[in-house]
Amino acid sequence: KAMCSGKLQTGLLVASYFVYLLVGAAVFQALERTAEKQEKIAAAQMKEAFLQNFTHLTVAEMEQFMKNLSEAIQNGVYPAGNESQIEDSNWDFSNSFFFAGTVVSTIGYGTLHPKTAGGQIFCVFFALFGIPLNIVFLHRVGKMLSLLCKKLGKFLYEKGMRKKKIKFLTLLFFLVTGILVFLCLPSLFFQITEGWSYSEGIYFAFITLSTIGFGDYVVGKQPGRNYFSYYRMLVAIWILFGLAWIALLFNL
Amino acid sequence: VLLALYMGYVGLGAGVLRALERPAEVRAAQHLVQQHWELLANHTCLRGPALQRLIEGIIQAYKSGITLQGNTTSLGRWDFSGSFFFSISAITTIGYGNLSPSTATGRIFCILFALFGIPLNLVLLNEIGQLVLLGVQHCAHYLEEVFHWQKKTSLLIKTCALVTGFLLFLLLPPLLFSDKEGWSYEEGFYYSFITLSTIGFGDYVIGMNPDRTYPSWYKNVVSLWIIFGMAWLALVIKFCISFLE
Chain V
1 KAMCSGKLQT GLLVASYFVY LLVGAAVFQA LERTAEKQEK IAAAQMKEAF LQNFTHLTVA
61 EMEQFMKNLS EAIQNGVYPA GNESQIEDSN WDFSNSFFFA GTVVSTIGYG TLHPKTAGGQ
121 IFCVFFALFG IPLNIVFLHR VGKMLSLLCK KLGKFLYEKG MRKKKIKFLT LLFFLVTGIL
181 VFLCLPSLFF QITEGWSYSE GIYFAFITLS TIGFGDYVVG KQPGRNYFSY YRMLVAIWIL
241 FGLAWIALLF NL
Chain P
1 VLLALYMGYV GLGAGVLRAL ERPAEVRAAQ HLVQQHWELL ANHTCLRGPA LQRLIEGIIQ
61 AYKSGITLQG NTTSLGRWDF SGSFFFSISA ITTIGYGNLS PSTATGRIFC ILFALFGIPL
121 NLVLLNEIGQ LVLLGVQHCA HYLEEVFHWQ KKTSLLIKTC ALVTGFLLFL LLPPLLFSDK
181 EGWSYEEGFY YSFITLSTIG FGDYVIGMNP DRTYPSWYKN VVSLWIIFGM AWLALVIKFC
241 ISFLE
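Quick note, the sequences are listed as chains V and P, same order. In terms of the UniProt record's numbering, the first sequence is residues 1 to 252. In terms of the UniProt record's numbering, the second sequence is residues 1 to 245.
Think of the hints as simulated: they come from the structure by calculation, not from any bench. Only a predicted model underlies this, so the values are computations on that prediction, with no experimental measurement involved. Idealized CB from N, CA, C, for every residue including glycine. No false leads were slipped in.
In silico lysine-lysine, DSSO-like type, Cα no more than 30 Å apart, as pairs: (1) V:K150 x P:K238; (2) P:K219 x V:K115; (3) V:K40 x P:K180; (4) P:K219 x P:K238; (5) V:K143 x P:K238; (6) P:K219 x V:K40; (7) P:K219 x V:K37; (8) P:K158 x V:K7; (9) P:K180 x V:K115; (10) V:K167 x P:K238.
Pair by pair, the computed Cβ-Cβ distance ranges are: (11) V:T34 x P:H31: 30 to 40 Å; (12) P:K158 x V:F129: 19 to 29 Å; (13) V:V176 x P:L122: 15 to 25 Å; (14) P:V221 x V:E61: 32 to 42 Å; (15) V:G11 x P:G207: 23 to 33 Å; (16) V:S197 x P:N209: 26 to 36 Å; (17) V:L12 x P:V163: 31 to 41 Å.
Some chain P residues judged to face chain V by a derived CB distance under 10 Å, without partners named: (18) L51; (19) Y96; (20) G117; (21) I118; (22) L131; (23) I194; (24) T198; (25) Y204; (26) S223.
Assemble the whole structure, with the sequences as input and the hints as a guide.
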């Protein structure tokens, strides 16, 4: 009888999972379809207008240029400017470090990705050992933070509170401080340094810390902005502790 | 000590990747600049700023997932099948990013969707993993009883399961991809790994090539592969971690 209920549970789980996905798909479609259509129209109009202004430019040449441009963009080369900043590399050490970090934490923004076959193979092996290393590391940090939690609990216990209340309070405390420190405050910070709106900042913080990492918003990539030199390092440290906080929440 | 190891590992990776990728990047950038100037030179009435604006417009469109090739722009991304695939990429935390919500409501919904979806996904993967583990153990017991082998069978069975999983989820799919997507085997393998580990760069995504036609079962089969492959990989990583600790 126990096995039957277990199977039922699993079946229910699978069903709810797929239902969840279907519902999500429908909602996303409803929300994004019209905006996408508008963008497409705008892009087509822009192309038309351009061709009209320069009528002797053949369509074939134009297509070729755009194809090459798209490939360049895929490679992470953004040629907006008089000379494409060849000196300013996407793969300088600080950017590569950030990239390695996004691989190991499985965030994987994708705005930067290896294009050479050698780079790709190396990336696979690098991740194969790096991801367990990352998990173990976060586990440790989470444990250290949870020790802090226990000390707080002990302190409250000595003051005469009941255990259940303590557990609830410590969980609440860590949840609230975590949300403040890792979601709300950084978004304010990003408003200043990146020029995003507050909600965009929160979206970025959530997508990063959940390791989804779409890559539509990435720190330090706005053209024409000056970032102070330790910006990326600071953000990387924030990501690290944010992930550890999430690991801690799972432990509690 | 762990911190030092971690930082060192990441630093090492950074150094190697930089050495591997920098030359190709420089070449691509130079190539593009050359093209840009060639275009301007060949059509002297074409002025710099106008071209600049066009380029920026193309970049903007590209970031929204729109390619401007051909007479018509590429097929819609936010149709149901595309949205379904997007939902999967969100709750499995793969997060390709080739498609991402551009409306504010879409983003808010995305956050809420993921907030509940990710734990749901973890629970499901855990369940699948447990079932597979149970199955493997049953197999081992059965073989022990039938053939009277010693305790070493459990290790043998486990390695066998590991290898089958490896074959099924990492070595065979690239063949399918190279047939349907036109990627090389190495690219297919790279894609498989990046997807199953949930890193999900988005540089390679299935079913996104406007010049190719895909059979209707394709995306669904790949979605199933992602789920089972992730469950298997999660088991493997669990073993690795218990080994490390």
